[in-house]
Amino acid sequence: MFTSILKKVALAGGLVVSALGTAAWAEYPEKPITMVIPFGPGGSHDLNARVITSIIPTYLEQAMIVRLTPGAGGQTGTQEVANAAADGYTLLFTHNYVDMLQQYVTDVPYDPLTDFVPIARVNYAPIGVVVRADSPYETFDDLIAAADADPGSIRMSHSGNWGALFVPAAQIMLARDISFNLVPYQGGGPAMQALLSGDADVTMGFPSTLSGQIDAGEIRVLATAGTDRMFDDVPTFAEVGVEGDVGFMHRVLVAPAGTPDEAVAKLTGAFAELIEDTTFTRMMGRLNESIELLDGPTYQALREEQAVAYKELVDQLTGQ
Amino acid sequence: MLDDFITGFGMAFRLDTFLMISAGLFGGMLVGALPGFTTLLAMAILLPISFFLDPIVGIPFLLGVYKGGIFGGSIPAILVSMPGTGAAVATSRDGYKLTQQGKSRKALDMALCSSVFGDTVSDTFTMLMIFPIAFLVMQFGPPELFAVLLLSLVIIAATSGKNPLKALVMMLLGLWLSFIGTDPIGGVDRFTFGVFELRSGIPLLPMLIGVFAIPEIANVVMRSDKVQKLASVMGERLTFVEFRRCFRTICRSTAIGTGIGVIPGLGQVVAAMMGYSAAKNASDHPETFGEGELEGIAAAEAANNAVNGPTMVPLLTLGIPGDNVTAILLGAFVAQGLRPGPQLFEEQGATVFAILVAMVIANLLFLIIGYLSIPFFARLVQIKTSVLVPLVLMFAFAGTFVFRSDGFDLIMLVAFGVFGLIARAAKFDVMPMVMGFILGSPLEYAFGQTLSMGNGATWEFLFSERMGAVTVLLAIPVIGIMLWRRLSKLPAGSH
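So the protein sequences, as listed, match chains S and U. For what it's worth, the working numbering labels the leading residue of the first sequence as 17, then goes sequentially. For what it's worth, the working numbering labels the leading residue of the second sequence as 825, then goes sequentially.
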């Protein structure tokens, strides 16, 4: 009852451009689609989703409603979608670490590869390793050398175990055979604050959170994810000996396995149109988010690779 | 800087800003008054509206939703003993007693006036002292947070209820309940007995409604022969004399709330409880607290609203959101092309001041909107008991369910309701349990972080590097003084 009031508020706010009158067609989608986010409000997924769902109704001719279902590190929302009817009306907006890594860390009541099919990878965020501007570590190798000389002496603040900052940190540790003292914080914001206040020696961040600090001269970037340089004078992970799909957070929309092809095709088409929408590109640009659409089958191949890499990582870290 | 301030002051005085703030306040108040709908969720849903508005309109609109929502949460707390958030728990204690005494309108008025006062003073203070506050914020890391949380818990246990030992038992129970679920640091399941739903921990909302509202409903139902009503009249409005009587308390709570707002990670729940405890402790008549004391409402509401100003500081000065509310505001900022960060003040000083001024305007507008709306809310108690009781019960269940549409939460609601009844019969106050539960998670997290930071050498780390140990040592005299004052005030033979 109240949800419908809230929906009306959202409608009145000019969010949903779609004509509800056309909803009488027996063609998908004939009612609003729910996008479940397995995290709390205010995070980068929430923000990305707010932009997507305020524009995509134009192309779906239906509203898309965000439902935040945080809990158990993302498992609560994920399980909800795994159990939902595979009719295309309940989708999950997640990222690769929750999607593919969590299954190796704990018992999850679903199988990511067989219970879900990817619809669209909307974008990805490459991570950067950063220190304070007054840090003694001028280069990535300085940092590695210090960690090598006194293992565990370098404190790295991250956004929670097996999260988007922890996993690349662990991958770097394995790739370069060093060890950081990984200290968890409740989110990327507090982790950055710990770096600035001196509680941590190094942290990581995505372009949207880093750029303000870089411009203000508060932090120095030592390396960025991938093979292409993000900054002219900063080496990539590949250049400093950290190879592979390390440090990319893929934001991906998945549906329960068995969702009708017609629904998948409609959604895929809507996303292809969405990324051409000028309001969408302008909003994402302001958020400092890239738009790098990958369709379901292409991303599925990436998921299968992630499954292998993450299993290996978890086995090595937990010593199994 | 002064130029920016003056420009910003002028920028905020726009008719559309005023109108959107009012819309936000009113909407936020309605959403906040419905159990199960959090202010945070309302802000997240309304966030995209701000994308398409001018920054000086869109961001104040969201701030309006936030401020309206916090007050809205106090409405069911006062009228039907149903606090929807931890911040309203302290308010519900005296507020509901006043409603039973037929003074609900007075109670709501006091909640409004002290909220607006606390908020306005803290916002103004923040505006004037933004850089010193920014410096202070950076001094608090996990060890300090742990120490302050521990101190808060001890103060709550020592000051709540008539029997500190019973309070301590309940608090330990609350702490234990907070440990159920996935360990926040290591990710290991604890006390879940293999139940998947318990992995994300015990949800707060069913606990709040269960232990506070269900026993009150049962109380009314079971004594229907004595014509016990929830209440029947809404009574008079608050008088200036009554406000004046509580003014010292309001000022104290405002100071406490502002101070707590500076410490990242503490928040409104701690502020409300500390404000309440301090007022009770300083009072000549502490026995009236919990029995329908207007001062109790004033103490809790001024404190939890005073948190608002300083929590904005890390966002405005560093571009770092300290909690979920500021994280949503960060989204509104960046979508507007305002990039929060250390350079924001240099580039957009006037806009930042305009937003801060809009916060103060929102408070003043809220005084008017709230004052005009209170009679409508207060009228709720005039509904016949035979209708009101089922209605409240429906809201209790619907509110619990709607929060995340999980049937498991309803089981929790009933379980906590039964527990609340038993605790009441055994004369155990449930408040320390709820506080232990709410503060247990951040306490444990801060402890885990401290252990990680020390890298195995925790004690050396604490004593050589950090203020944490100092704060723990400070706690002992504070508690000693409080206990001594309390015991010396009790009439002879009562303990």
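Worth flagging that the hints you see were computed from the coordinates, not collected in a lab. Note that CB positions come from ideal geometry on N, CA and C, so glycine has one too. Keep in mind that a hint or two might mislead.
[To be verified] Computed beta-carbon distance windows for the label pairs:
#1 S/E320 <-> U/L952: 56 to 62 Å
#2 S/E320 <-> U/A1250: 55 to 61 Å
#3 U/G1018 <-> S/L190: 55 to 61 Å
#4 U/L952 <-> S/D127: 44 to 50 Å
#5 U/F833 <-> S/E278: 31 to 37 Å
#6 U/T831 <-> S/A325: 27 to 33 Å
#7 U/L960 <-> S/S195: 50 to 56 Å
[Stated by the list, open to error] Covered by chain S, per the in silico footprint, the following chain U stretches (three or more residues, Cβ under 8 Å):
#8 893-904
#9 1009-1019
#10 1096-1104
#11 1156-1165
How the hints compare with the structure:
1. At about 58 Å, the CB distance of S/E320 to U/L952 agrees with the hint of 56 to 62 Å.
2. Checked against the hint of 55 to 61 Å, the C-beta distance between S/E320 and U/A1250 comes to roughly 58 Å, which is consistent with it.
3. About 32 Å separates the C-beta atoms of U/G1018 and S/L190, a value inconsistent with the hinted range of 55 to 61 Å.
4. Checked against the given bound of 44 to 50 Å, the beta carbons of U/L952 and S/D127, roughly 57 Å apart, lie outside it.
5. A beta carbon spacing of about 57 Å between U/F833 and S/E278 contradicts the range 31 to 37 Å that was offered as a hint.
6. A hinted range of 27 to 33 Å is violated for the C-beta pair U/T831 and S/A325, which are about 53 Å apart.
7. The hint said 50 to 56 Å for the Cβ distance between U/L960 and S/S195, and at roughly 34 Å that hint is violated.
8. Interface restraint, the segment 893-904 of chain U with chain S: violated (0 residues with C-beta to C-beta distance below 8 Å; minimum three).
9. For the segment 1009-1019 of chain U, the stated coverage by chain S holds: 4 residues have a C-beta nearer than 8 Å to a C-beta of that chain, and at least 3 were required.
10. Here the segment 1096-1104 of chain U counts 0 residues with a CB under 8 Å from a CB of chain S, which misses the bar of 3, and the coverage is violated.
11. For a cut-off of 8 Å, the count of residues in the segment 1156-1165 of chain U with a CB near a CB of chain S stands at 7, and the three-residue condition holds.
In this structure, the hints that do not hold are numbers 3, 4, 5, 6, 7, 8, 10, in rising order.
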